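So the sequence lines, in the order shown, correspond to chains A and B. Using this note's numbering, read the first sequence as starting at 1 and increasing by one per residue. Using this note's numbering, read the second sequence as starting at 1 and increasing by one per residue.
It should be emphasised that the hints constitute simulated quantities derived from the structure, not laboratory data. A quick note: this is a predicted structure, and the numbers were derived from the prediction, not measured. There's no promise every hint is true.
Said to hold, decoys possible - As a list, the in silico BS3-like pairs of lysine-lysine whose alpha-carbon atoms are at most 25 angstroms apart:
1) A:Lys21 with A:Lys113
2) B:Lys286 with B:Lys251
3) A:Lys21 with A:Lys58
4) B:Lys171 with A:Lys113
5) B:Lys21 with A:Lys58
6) B:Lys68 with B:Lys21
Stated by the list, open to error - To spell it out: a stretch of chain A is covered by chain B in this simulated footprint if at least three of its residues, at any positions, have a beta carbon under 8 angstroms from a beta carbon of chain B; those stretches are:
7) 33-39
8) 63-74
Claimed, not checked - One-sided excerpt, in silico: chain A residues whose CB lies under 8 angstroms from chain B:
9) Lys58
10) Lys60
11) Pro129
We put the CB at the ideal spot given by N, CA and C, even for glycine.
Here is how the chains run, residue by residue.
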Amino acid sequence: MAQDFTLTLPDEAATLAFGEKLARVLEPGLNLYLHGDLGAGKTTLVRGILRALGHAGKVKSPTYTLVEPYTVSRLNLYHFDLYRFIDPEEWDAAGFRDYFNPQSLCLVEWPEKAQELLPAPDIDVRIQPMGQGRHIRLIANTDSGKQCLENLNSV
Amino acid sequence: MLILGIESSCDETGLALYDTKQGLLSHALHSQIEMHAEYGGVVPELASRDHIRRALPLTRHVLNQAGKTLQDIDGIAYTQGPGLSGALLVGTSIAEALAFSLNLPTIGVHHLEGHLLAPLLEANPPAFPFVALLVSGGHTQLMRVSAIGDYELLGDTLDDAAGEAFDKTAKLLGLSYPGGPAISRLASQGTAGACQLPRPMLNNGDLNFSFSGLKTAVLTLVNQYGNQLDEQAKADIAYEFQEAVTEVLTKKCMAALRNTGLDQLIVSGGVGANARLRERLDAATKRRHCHVHYPRLEFCTDNGAMIAFAGAMRMQHAHISDHGFTVRPRWDLAELQTP
Numbered sequence: 001m002a003q004d005f006t007l008t009l010p011d012e013a014a015t016l017a018f019g020e021k022l023a024r025v026l027e028p029g030l031n032l033y034l035h036g037d038l039g040a041g042k043t044t045l046v047r048g049i050l051r052a053l054g055h056a057g058k059v060k061s062p063t064y065t066l067v068e069p070y071t072v073s074r075l076n077l078y079h080f081d082l083y084r085f086i087d088p089e090e091w092d093a094a095g096f097r098d099y100f101n102p103q104s105l106c107l108v109e110w111p112e113k114a115q116e117l118l119p120a121p122d123i124d125v126r127i128q129p130m131g132q133g134r135h136i137r138l139i140a141n142t143d144s145g146k147q148c149l150e151n152l153n154s155v
Numbered sequence: 001m002l003i004l005g006i007e008s009s010c011d012e013t014g015l016a017l018y019d020t021k022q023g024l025l026s027h028a029l030h031s032q033i034e035m036h037a038e039y040g041g042v043v044p045e046l047a048s049r050d051h052i053r054r055a056l057p058l059t060r061h062v063l064n065q066a067g068k069t070l071q072d073i074d075g076i077a078y079t080q081g082p083g084l085s086g087a088l089l090v091g092t093s094i095a096e097a098l099a100f101s102l103n104l105p106t107i108g109v110h111h112l113e114g115h116l117l118a119p120l121l122e123a124n125p126p127a128f129p130f131v132a133l134l135v136s137g138g139h140t141q142l143m144r145v146s147a148i149g150d151y152e153l154l155g156d157t158l159d160d161a162a163g164e165a166f167d168k169t170a171k172l173l174g175l176s177y178p179g180g181p182a183i184s185r186l187a188s189q190g191t192a193g194a195c196q197l198p199r200p201m202l203n204n205g206d207l208n209f210s211f212s213g214l215k216t217a218v219l220t221l222v223n224q225y226g227n228q229l230d231e232q233a234k235a236d237i238a239y240e241f242q243e244a245v246t247e248v249l250t251k252k253c254m255a256a257l258r259n260t261g262l263d264q265l266i267v268s269g270g271v272g273a274n275a276r277l278r279e280r281l282d283a284a285t286k287r288r289h290c291h292v293h294y295p296r297l298e299f300c301t302d303n304g305a306m307i308a309f310a311g312a313m314r315m316q317h318a319h320i321s322d323h324g325f326t327v328r329p330r331w332d333l334a335e336l337q338t339p
């Protein structure tokens, strides 16, 4: 099964389009970490995913609210942003552990801020700026993550 | 009627006493900004712990300042949301416990309603209706305000708030938190036209905002400068960034006035303290024969006075509380109703 998926995204529209493609293979219960510096396009990717899942409203940055919940067609999606965390213990204090369950899809920006307290990711998504474009790499860490990337290859 | 106001939604603990006949009697603030500065943002757990330490000494302080005692208070207003839940719970529990022991009514205030009404604490306040721009680290909204509790959302950010864009741009430039004052200081050394940033959503015909792309454009500029990113280059970026944000905010405010046919604008929230934004809004409203109102600088950011005031406005209409309470970390302003 596929463990790795890489792609070059020339612009923001391509990031959104890739998010829409990724949405088709995401299943409830999956946990994705989104890595990339400020302005890399993590929230843009999430916007593409949510759009494809039928969310018509805004997709605001969760930096200040820490988590934005969405109920979309076939799952509960939680968009976390731990940018403002300084102590991993805040993960427990915030009660975020309860959000991770078989019915929910969790997308976590700045996961390193909660370190090992955060449930391990099925897929690591790394976004790196390359001029105006972005280089995106998905790495599967679990069987369901691998299955997801396998399906992505055939979308 | 004498109202004690308690604000603890984020990183400031604010207490104030507002009298419906005499106006604002006293207010005090403890800011956690220094504590948070080294982390470049607000830390929820730290915020709650600090509110616990500060709330009661500040309460005693505002009472002493006004020459009042706990027995003089007629009601307690507290920020019920939106905000960080741990921080909100501190203010809420203190308010409800104090009110229970003194047998006083309480009222949970929407934090943004507090900001929205803050300019009414000043001399010559605008009469309803007016257009309000709420612009801070967590929000960028244009509202039509017809009465207390009658708020119609005209425009909102589709992604990042303007203040968040300031904070993240400051971080990209290696500046301190909060980003607004740091960017403004540096911008004064910048050269106009030295670099270019987009004006997101400027001419898209609606009143919505988007600042996420602007942050990305700053990242691209920083990468382009590479090793040449010296102090002057940073100042040039800060200048251009501030111009971009304030131009978009100003033009959308003017469009909101035009669309609603109103001639009064109020501006509140932390970004409302930005001098360049005020300069632009002053000029633009003057050209169109409109009026703009701001809260004093210290009431642009979170404070207890605005909560005491909003609570007093609502409590003048009968309000019964059973001292059961809940916080509302996420709460849409448009859900509010007139008292």
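For which of the previously enumerated hints does the structure constitute a violation, in increasing order of number?
Violated: hints 1 and 5.
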